[in-house]
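Residue numbers (the working numbering): 181 to 286.
It is worth saying that the hints were derived from the structure and are not from the lab.
Misleading hints may appear alongside valid ones.
[What the hints assert, rightly or not] With beta-carbon atoms standing in for the labels, derived distance ranges: (1) P226 / K271: 17 to 27 angstroms; (2) R232 / L185: 16 to 26 angstroms; (3) R231 / E281: 14 to 24 angstroms.
[Claimed, not checked] Dumping the calculated SDA-like pairs for lysine to any residue here, alpha-carbon to alpha-carbon at most 25 angstroms: (4) K230 / Q215; (5) K274 / G221; (6) K241 / F255; (7) K230 / E280.
Predicted, not measured: the structure shown is a model, and the values here were computed from it.
Ideal Cβ positions, reconstructed from N, Cα and C, are used throughout, including at glycine.
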Amino acid sequence: MRRILLCEYRDGDTQPTCDGVALLLGISVEDMLEQWDPAAGLDTMPAEWKRRGAKRALHAKNAVGSNVTSVVLAFLAVRDWPGCRIDFDEKGGKMWAVFEEPGSGG
Numbered sequence: 181m182r183r184i185l186l187c188e189y190r191d192g193d194t195q196p197t198c199d200g201v202a203l204l205l206g207i208s209v210e211d212m213l214e215q216w217d218p219a220a221g222l223d224t225m226p227a228e229w230k231r232r233g234a235k236r237a238l239h240a241k242n243a244v245g246s247n248v249t250s251v252v253l254a255f256l257a258v259r260d261w262p263g264c265r266i267d268f269d270e271k272g273g274k275m276w277a278v279f280e281e282p283g284s285g286g
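Take these sequences, add in the hints, and give me the full structure.
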């Protein structure tokens, strides 16, 4: 089984991880980190990525009827990553995309 942490809940806010941001933008984490430093803030993100992310988020919102970050990320993960399922760890405040390995019976 492979798991990708998409977001964490801290202080009442949903904080997407780098994987979650890349999923929202529709790009790979590697490409994102090569071209943008998340610590530098959203103002430094390429405008094309912002537009793409806004379109993807709007599509997800229209499909699921919610603009809650975790719901949008869950929709995009299941849509973009065939075979993915979503696990919510309510106690730990985390949301994972989970991929079962072929033949694992899981």
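Hints broken by the structure, by number, lowest first?
-> Violated hints: 1, 3 and 7; rest satisfied.
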